[in-house]
Amino acid sequence: MIASYRAELLKSRKRWANWILFGILVVLLLAFGYVLSYVILTHPPRNFQSRIPASVLKRETFPENLLPNVFSSMTSLGAAIMIIMGGLSTASEYGWLTVQTILVQKPGRTSVLLGKLLNLAITTLLITIAVLAAAAVTSYILVSIDGSTSSWPSTTTLLKGFGALWLQLAVWTVFGMFLGIAFRSTAAAIGGGLTYLFVGEALVAQLLRDVSGVKEILKFLPGVNASAVNASFPLSYRGSEAGAPLVSAGRGVITLVVYLVIFTLLGLLIFQRRDVTGA
Amino acid sequence: MAQTLAVETHGLTKRYRTGVLAVSDLNLSVRTGEVYGFLGPNGAGKTTTLRMLSGLLHPTSGTAVVAGASPGSPLSLTRMGAMVETPAFYPYLSGLDNLRVVARYGGVPASRIDPALEQVDMEDRARHKFKTYSTGMKQRLGVAAALLKDPQLLILDEPTSGLDPQGTVEMRELIKELRRDGRTVLLSSHLLNEVELTCDRVGVITAGRLVAEGTIEEMRSRGGHALLIRATPLDQARRLVEAVFSRDRVSEQDGVLSLQVDRSQAASINRRLVADGVDVSELRMSEQSLEDVFLQLTEKAPSTPSPSGGGQGGGAS
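Chains as they are written, first to last, in this note's numbering: chain A, 1 to 279; chain B, 280 to 596.
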């Protein structure tokens, strides 16, 4: 597995698509989650209407709201980027037929996929660290520019938030990886994953949330459970009564871990058993 | 003493989920240290067989032993190098980095990369991106990757495909060199000339079945020998031989009679023709070429239900 991981590391490190996706993630997070929000809320337009004053709302870009603000962006943007990254990591191997080049080397299929999983886990960990660090630095700069005071979340809260974010990103990455193996096509894996994320999860969950029966189903979806985990890191100025989650944060974490295991095992099972045919 | 086998299959069969029978009851034996040519027309099942031997496809039934272990097992893969169907590498990496990736997967020290590149004469372009390579260069890199593990057994699918004449000669030399080193090479090809020049033994597969196996000489002799007779008057000569042998063993082309008989009968036929007043100006045995035998073998076999031989898009050939 370590040999496979080292090979994966070399491939992913030199793949520009990964760096571009990471760049997009950080730039969009900082641009929309921090800089633009701060600018607009500092100089709100005349027709700006909100129950909460803009001067309070802009505090979401300050260190005290580091975790909820990062989570609000990462729920959709982070999930989408990680589905693409996970999908690329496996589907490309089929597209380029490199899967057959890999599989005629020494490691067995399980080792190959475990090496890929280890690489993705570490990549996701590094992305989590980088995202939180970039957000923290930006929020510090913004609060300094604003001349306001703010406090950092406690170490315990930071660690919990870090773990929650890593878990969510890992689930979406493994979901993308699983789709790549199942579809053996980059377009199908990414298209299928994003359609699920933005139509299956977001749209349907919003529209049918109050339909009897559907609500019970929604409680088992990964996005809904991720939102429940995120809700346990509330904004400083708003109570948790806004958009009450369907499940508790604890159940959310457990469900996400179950999804992580299921996608991993399904991916391994298909990768193990399926024939590798040509183009 | 029984010769050890590098590859051995018993009743190897592959039926795709679509129902296409790509390989049927294949019994193949590749001896250690030989160059074995796996011949067959497109869609015959060559690549499907090589995929099964490399562990890429699971056989529907039958067994195989490759380099002393089951196909696809770490032990088997450690001892073999393979290039199946097409050299597949990461387009965004250089040839060198691609070999680094392959070496890491194979647990091969990086020090093996330079000698492998040298063997296929790719040192100059090793740092260029794979996507910029010509077909021939991709082919060479594929062979270099197969050589990285310093394997006892090499499985090469159409190794000269895409190579220019110079490259083809070099590949032929490389294969001969590998044999001199005591390695076993199993190569598939539809280029009969290549096979004749490089292989010790060949197996002919068509419609998923092995229809013949043997040395080049044995294969040639399978087609039988023809006695060519140039004589005057030709009609009289034809009537005489047809009276002795059945009509379907006699044919005529360009003023030459061709008689499907054994060499031992040539002298008596000559005596008979001369005794009957026929002037015999030429009498010689004609051996069939490997191509003739190949065409006979592959035309006789029933046609396969799918030209691809790979119901799942497998480019079997």
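Please note: incorrect hints may appear among the correct ones.
[Unchecked claim] Some chain A residues close to chain B (C-beta under 8 Å, calculated; not the full set):
| no. | residue |
| --- | --- |
| 1 | Met-1 |
| 2 | Ala-3 |
| 3 | Ser-4 |
| 4 | Arg-6 |
| 5 | Ala-7 |
| 6 | Lys-14 |
| 7 | Trp-16 |
| 8 | Leu-21 |
| 9 | Gly-23 |
| 10 | Thr-98 |
| 11 | Gln-100 |
| 12 | Ile-102 |
| 13 | Lys-106 |
| 14 | Pro-107 |
[Stated by the list, open to error] Derived CB-CB ranges, DEER-like:
| no. | chain 1 | residue 1 | chain 2 | residue 2 | range |
| --- | --- | --- | --- | --- | --- |
| 15 | A | Ile-270 | B | Pro-388 | 46 to 56 Å |
| 16 | B | Pro-388 | A | Val-204 | 51 to 61 Å |
| 17 | A | Gly-163 | B | Val-344 | 42 to 52 Å |
No lab work stands behind these hints: they were computed from the structure. Just so it is clear, CB atoms sit at the ideal spot from N, CA and C, and this is done for glycine as well.
Results of checking the hints against the structure:
| no. | hint | result |
| --- | --- | --- |
| 1 | Met-1 | violated (11 Å) |
| 2 | Ala-3 | holds (5 Å) |
| 3 | Ser-4 | holds (6 Å) |
| 4 | Arg-6 | holds (5 Å) |
| 5 | Ala-7 | holds (4 Å) |
| 6 | Lys-14 | holds (6 Å) |
| 7 | Trp-16 | holds (7 Å) |
| 8 | Leu-21 | violated (14 Å) |
| 9 | Gly-23 | violated (16 Å) |
| 10 | Thr-98 | holds (5 Å) |
| 11 | Gln-100 | holds (5 Å) |
| 12 | Ile-102 | holds (6 Å) |
| 13 | Lys-106 | holds (5 Å) |
| 14 | Pro-107 | holds (6 Å) |
| 15 | Ile-270(A) - Pro-388(B): 46 to 56 Å | violated (33 Å) |
| 16 | Pro-388(B) - Val-204(A): 51 to 61 Å | holds (53 Å) |
| 17 | Gly-163(A) - Val-344(B): 42 to 52 Å | holds (49 Å) |
Of the numbered hints listed earlier, those contradicted by the structure are 1, 8, 9, 15.
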